[in-house]
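4 protein chains.
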Amino acid sequence: MHKIAIIGTGLIGRFYTTTLKHYRGKDEIVMACAKEEAEAAKFAEEFAIPRYTSDMAKAIQDPEVDTVIVALPNYLHKKAVLLAAEAGKAVLCTKPLATSAEEAREMLEAVEKAGVFHGYLEDLVYTPKTLKALDSTRKGALGKVLWARSRETHGGPHSDWFWNKELSGGGAIMDMGCHCIEIARSFIGKENRPIEVTCWADTQVHPIDAEDHAVGLVRYDNGAIGQFEVSWTFRGGMDLRDEVSGTEGTVWLNHWMRTGFEMFSSVGQGGYVAEKAEGDTGWMFPVGDEIGALGYVEMFLDMFNAMDAGKAPMETFYDGYIVNAVVDACYKAAQTKQWEPIELKDWRGADGSEKATTQALKEYDAEHYLIKEELMPSGATKWILKDKKTGAISQVVK
Amino acid sequence: MHKIAIIGTGLIGRFYTTTLKHYRGKDEIVMACAKEEAEAAKFAEEFAIPRYTSDMAKAIQDPEVDTVIVALPNYLHKKAVLLAAEAGKAVLCTKPLATSAEEAREMLEAVEKAGVFHGYLEDLVYTPKTLKALDSTRKGALGKVLWARSRETHGGPHSDWFWNKELSGGGAIMDMGCHCIEIARSFIGKENRPIEVTCWADTQVHPIDAEDHAVGLVRYDNGAIGQFEVSWTFRGGMDLRDEVSGTEGTVWLNHWMRTGFEMFSSVGQGGYVAEKAEGDTGWMFPVGDEIGALGYVEMFLDMFNAMDAGKAPMETFYDGYIVNAVVDACYKAAQTKQWEPIELKDWRGADGSEKATTQALKEYDAEHYLIKEELMPSGATKWILKDKKTGAISQVVK
Amino acid sequence: MHKIAIIGTGLIGRFYTTTLKHYRGKDEIVMACAKEEAEAAKFAEEFAIPRYTSDMAKAIQDPEVDTVIVALPNYLHKKAVLLAAEAGKAVLCTKPLATSAEEAREMLEAVEKAGVFHGYLEDLVYTPKTLKALDSTRKGALGKVLWARSRETHGGPHSDWFWNKELSGGGAIMDMGCHCIEIARSFIGKENRPIEVTCWADTQVHPIDAEDHAVGLVRYDNGAIGQFEVSWTFRGGMDLRDEVSGTEGTVWLNHWMRTGFEMFSSVGQGGYVAEKAEGDTGWMFPVGDEIGALGYVEMFLDMFNAMDAGKAPMETFYDGYIVNAVVDACYKAAQTKQWEPIELKDWRGADGSEKATTQALKEYDAEHYLIKEELMPSGATKWILKDKKTGAISQVVK
Amino acid sequence: MHKIAIIGTGLIGRFYTTTLKHYRGKDEIVMACAKEEAEAAKFAEEFAIPRYTSDMAKAIQDPEVDTVIVALPNYLHKKAVLLAAEAGKAVLCTKPLATSAEEAREMLEAVEKAGVFHGYLEDLVYTPKTLKALDSTRKGALGKVLWARSRETHGGPHSDWFWNKELSGGGAIMDMGCHCIEIARSFIGKENRPIEVTCWADTQVHPIDAEDHAVGLVRYDNGAIGQFEVSWTFRGGMDLRDEVSGTEGTVWLNHWMRTGFEMFSSVGQGGYVAEKAEGDTGWMFPVGDEIGALGYVEMFLDMFNAMDAGKAPMETFYDGYIVNAVVDACYKAAQTKQWEPIELKDWRGADGSEKATTQALKEYDAEHYLIKEELMPSGATKWILKDKKTGAISQVVK
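Chains as they are written, first to last, in our numbering: chain X, 4 to 401; chain Y, 4 to 401; chain P, 4 to 401; chain R, 4 to 401.
For reference, chain X alone in the conformation it holds in the complex (with noise of 0.2 Å):
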């Protein structure tokens, strides 16, 4: 039983209030904090939260309070963690962790030598569809990751700062980017450390200064890659989508507009049918469960049975840090047209690990490996074959 101080009652402030309050949880929210003081006292009204305050020190220390959610904007975190850290609470921060790696490792720095519990709020790793495949990939039914593909985009954020490069510290890479990069680091495995960056970000739409469109590729040291779709450009709705392809296995998760949930209306029914969904008549693709959908449930059961278990969550401060340092790499790369290096002064992962060989020699015959074998519409079938000795390729059709 956790006492809690929501610190930003935006957007994403409201969907975490909201997850905490829908399942009759023992963990309250004791504390709200906004901006200005009208809008902290109108949002703990909605949410039957006893006390608000727009003094963010105030409604960290608060002394009830044993656990921090920081959900400001991305250029207020580090602020909010360091007066978090310094009153030995409990600090979950939403993403992306820090507007640059250097940022990020300072946070990080903090809450470690403060030596309290420090959550990275990356939800989309967390939603149901997502645990259940990382924990098959585990298991092994893709067999070795080779390639990670994260997308997400739609029209563009809700809130102002979002648009404004120097509060959100970027554009759609900053804003997005860090969930597909994140997911993919997961399916690849976190031990595998990230090595390089090619990336394309243009400004194709929007009269701002940010990126609102951007694809990146990041290249993990066994050889598999990362790979992100970003956009504030996107027409039909918002596209969350993940596909992952193993040596043994593929997945594919659809997390937002092919879920199962299709509904035609000519007439529409005067409201809100999906977040970034663009109207109300015509085919629609609503979310049955969009705060489950989007891994709020799971995240916030994950951060509180790890406090209490006096474990780490999955997401720690530490997968923000690396992610910022990912971003960093990804701004470079796209300004010096090359593949740019990520720098990552704190590295705990797996050490000088060679490129691990994935290529697999199948013997065929004692001449040969095997390369592939098909079954072709005649009903026969072909394998195409190496010469152990020569190299020379061959095939035998049966």
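Hints are not guaranteed to be accurate.
Same chains, same label: a pair holds when it works inside one copy or across any pair of copies.
For lysine to aspartate or glutamate, the following DMTMM-like pairs were computed, each having C-alpha atoms within a straight-line distance of at most 20 Å [stated by the list, open to error]:
no., residue 1, residue 2
1, 29, 311
2, 38, 311
3, 314, 112
4, 391, 368
5, 401, 39
6, 6, 194
7, 82, 251
8, 38, 370
9, 24, 105
10, 385, 281
11, 340, 199
12, 29, 69
13, 391, 349
14, 335, 199
15, 375, 281
16, 29, 305
17, 61, 115
18, 385, 67
19, 142, 281
20, 116, 376
21, 365, 281
22, 24, 305
23, 81, 115
24, 392, 169
25, 392, 349
26, 385, 39
27, 348, 39
Treat the hints as calculated values from the structure; they're not laboratory data. Model, not experiment: these values are computed from the prediction.
Following the hints, put chains Y, P and R in place on chain X, whose structure we already have.
Positioned in the frame of chain X, the structure of chains Y, P and R alone reads:
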């Protein structure tokens, strides 16, 4: 904060308990009751439930317990419910409520006479998708509902008693038709009286007495049709889908095998993939959040929230009684091979409702009604018209 | 190389002609016949057809013509077919064959007496998906077929005469049920006799005399069930799906709205998207190859190839007659509210077939049959058993 | 009516021949040429082709032949094309056109100098879905295309020479990237010049020299991005998808594994299910019309119709040349690890085009531009604004 006795520790008791334990909730299961003491002990240990017994009465009468959850085979529901009513405890009973409408009515009378809270645990109307679709339907997105199909098919139930007509009261209709009937009824509107049914039922595959496959049509007094399809002969996993058609819209829900989670594995993962899944290699369609997708989460939230608010939940024993009455008529119709009336001694919905004519008379011009307008491949538009006086049908293309 | 007269230039005649002209084929349409001379002339010009007329007999008797395609409203099929038989020409007739089984039988007798080639243009059993699924079914991939559902629903037909019961012979059952009945029959196996039907039919929306929505069940002598769902009240486009369940497998075909083509447009494209699509903005589901997906291409290939090979095509007037007989029984059952027998004066399939028991007696051990085996979430396996002597049902978990 | 020589009788030659024979078409294959006389004889017999040879020149120079179809391994394309040009025959060459841009340019010059009809057999831009989506795109349904992803992955090609870099000119990029590049280019618009590429390529699984997995980004002068993903390491069948995003819309095409045909079988059917399918039990996703879905049907129709009309087909050798140039740049970029320019000595598209700014300045009021408008879960609408003078970003909620 409720103190719960769970009566029955089979698959459904396990699902209920898992749901209640998972969300760090404040409602607690304090007593577990199974047929055998050893089984009860094992279950209590697994789920950290403080007390257990094989004595149903003792479990229900436990002074700390305020809520009884009945998770027993069908033929035992009545006994448990009467004990709970007698003890003045809130009682939540799994589906179907009883093995016949007559038995259901006795149970309904007992809880109403005792004045205890009663909830009918029809989980599948509580899936987040269903709740949201019902909400859209009520807001008018579909216009008037004309037809609702609900389908549940798989390879057969997991416990012996289901296959024994004497213990279960029937076959696939009793087991799964009860879900489908209530789902369709919820979309059509509970105020509308179900009038009559036609039904096909057969034992096509399994060496049992009960039907392992059935299809039925339920006609409501407003002209709408509920359609159920249930089978224990289905291959490929569990098929759990609803389709609703209205004058202004359409809803398609796929709850299990096509929810945006697709996985291929050539090697498997050595274990359980999803309820009723056949094997763990090849293409698989796991469900991310199984207990959420089956409605258990929102169902218990509604039950306990309603209890706290002093209101009836969305599904009460009265609903269970209606469903049993429809099931009874289905079994009769399958025998007599004709449409059979649904006998409802206790009807609390809209009364004497005539068929509300949906037939719309849209004016085309002074002389004609519009039957239909369609865009043709040529780019032209065609209007099908009916002469207001003569009734003659004609068309105009422009 | 055939010389064809197309009799009828409405939507279906247009689809047929487009199909025959598109593939640089060697079979040629040399004569077009429409109700009005001007319409025939316009059609002939559009499709570069050398001759045209409004005189049906003249078109059919044209000396160059060897094949007559009847693409007329239902009430005119008989007249055209009798003329073709008389003229000794091969005749291909659109669906339904006739407005009643009696009329269909007359037409069948006429072409058989005349010894001319006769093909029933039931396109929807000729879609490439259906042909491949039927082939897999015949090869045993589904085991014994237990149930086949075929569904065709949209907002209503495109020509005035469809809506006039006198000219069409019925409503949605006559228009689209004929497709669904033959699709289900093809999966179940044409050698199996359709025995009886139950049917619901109603006029729910349109100001017409015929039914605009219907569902029916057709029971075959081998215990299989064909299910059709037809509607002119559906919203959202054209829903064209088949589902087949067998003892060993399942087939799901979606022919129209979910075929791997999804498009969102906020602005539209100013025109036709797909047959029966509602509008050109929002999410749309066009069909790539409409004439292929509706079966027209493979249907005509089969017809002309069969003609050249001196064989019967896959679909003959006999099949059309069976379908009309089932439709007749459906209309009767919708009236009498009981299962009605299907009257087949001319039955050429397997005779006196008893219900082939599908019920499988799989041995578990010396004392028990196996009813079912299932992998449980816990990882254990459960076997449901039946005692060979007592019939008692029990379970074992390991 | 054309008389065709098919040069090459491997899988692609078989696909082409099947396509040309299937539709009762008037164009005839009169000559088959294979490496070995016996193979040619067998192929000719199977497809009822009157003449055959193992002498390529003889086949091409055959006096009856007016059209040569080159269906050979990549390293032999040039030889066959030059012979055809010399003989003054129309020539249709399979993809990729050549093993390098330089070679492609020689071939282009040869056919242009000879004045013969030349078609580039890039089938995947001719699928009915692609053609219809391209048509919608050109009509403006997507607005300006911003990004086009094309993906082709499977377990590897079916013939030995593909795996041998010397014979094929490369690995998965050469084999399948050529498709993806031309698909993206078609959506973005062929008048736009492809400028530069970044590319990742690796040999992750197979014991070969060429890449078996690659991802690349192609930037066009109008700011659009083409993205290709190709792999010979994919598990689960053949993944063939295109996704296009524009300022006003979105297109998603799934050509192979999710086309509305789903089948489960516990027993299989003893044979081929679909190209690259893995096995014949479990859930399978056959394709109804394989040759149609791969574009072969419409491709040949366009080729012969264009020939008869004296026009260029949609895909000419010039297109093949452009694709080879992009492929060359990809191989270079994969080596140099930086964006590489695409060298086009022969560019025939729009010239000197500056990046057309897509960035839209929509007015909100006299002082502000509108960045974005969104419906919030609360039902309110939020507008994100930019001050016209100061550039400051703000928001309004109503």
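Cross-check of the supplied hints:
1. 29 - 311: both (13 Å within a copy, 16 Å between copies)
2. 38 - 311: neither (31 Å within a copy, 34 Å between copies)
3. 314 - 112: within (18 Å within a copy, 51 Å between copies)
4. 391 - 368: Within one copy only: 10 Å inside a chain, 50 Å across chains, cut-off 20 Å.
5. 401 - 39: This pair counts as between: shortest inter-copy Cα distance 18 Å, intra-copy 77 Å.
6. 6 - 194: neither (34 Å within a copy, 44 Å between copies)
7. 82 - 251: neither (46 Å within a copy, 40 Å between copies)
8. 38 - 370: neither (74 Å within a copy, 26 Å between copies)
9. 24 - 105: neither (35 Å within a copy, 41 Å between copies)
10. 385 - 281: between (49 Å within a copy, 14 Å between copies)
11. 340 - 199: both (13 Å within a copy, 10 Å between copies)
12. 29 - 69: Answer is both: 14 Å inside a copy and 19 Å across each meet the 20 Å cutoff.
13. 391 - 349: Neither, since 44 Å and 44 Å both go past 20 Å.
14. 335 - 199: both (11 Å within a copy, 18 Å between copies)
15. 375 - 281: This pair counts as between: shortest inter-copy Cα distance 12 Å, intra-copy 46 Å.
16. 29 - 305: both (14 Å within a copy, 17 Å between copies)
17. 61 - 115: neither (22 Å within a copy, 52 Å between copies)
18. 385 - 67: Result: close neither inside a copy nor across copies, 71 Å intra and 35 Å inter.
19. 142 - 281: between (39 Å within a copy, 18 Å between copies)
20. 116 - 376: Intra 56 Å, inter 43 Å, cutoff 20 Å: neither.
21. 365 - 281: between (51 Å within a copy, 18 Å between copies)
22. 24 - 305: both (16 Å within a copy, 14 Å between copies)
23. 81 - 115: Within. Shortest intra-copy distance 14 Å satisfies the 20 Å Cα cut-off; inter-copy 58 Å does not.
24. 392 - 169: between (61 Å within a copy, 18 Å between copies)
25. 392 - 349: neither (45 Å within a copy, 44 Å between copies)
26. 385 - 39: For residue 385 and residue 39, the Cα distance is within 20 Å only across copies (19 Å; inside one copy 71 Å).
27. 348 - 39: Answer is neither; intra-copy 38 Å and inter-copy 60 Å both fail.
In this structure, the earlier hints numbered 2, 6, 7, 8, 9, 13, 17, 18, 20, 25, 27 are contradicted, and the remaining ones agree with it.
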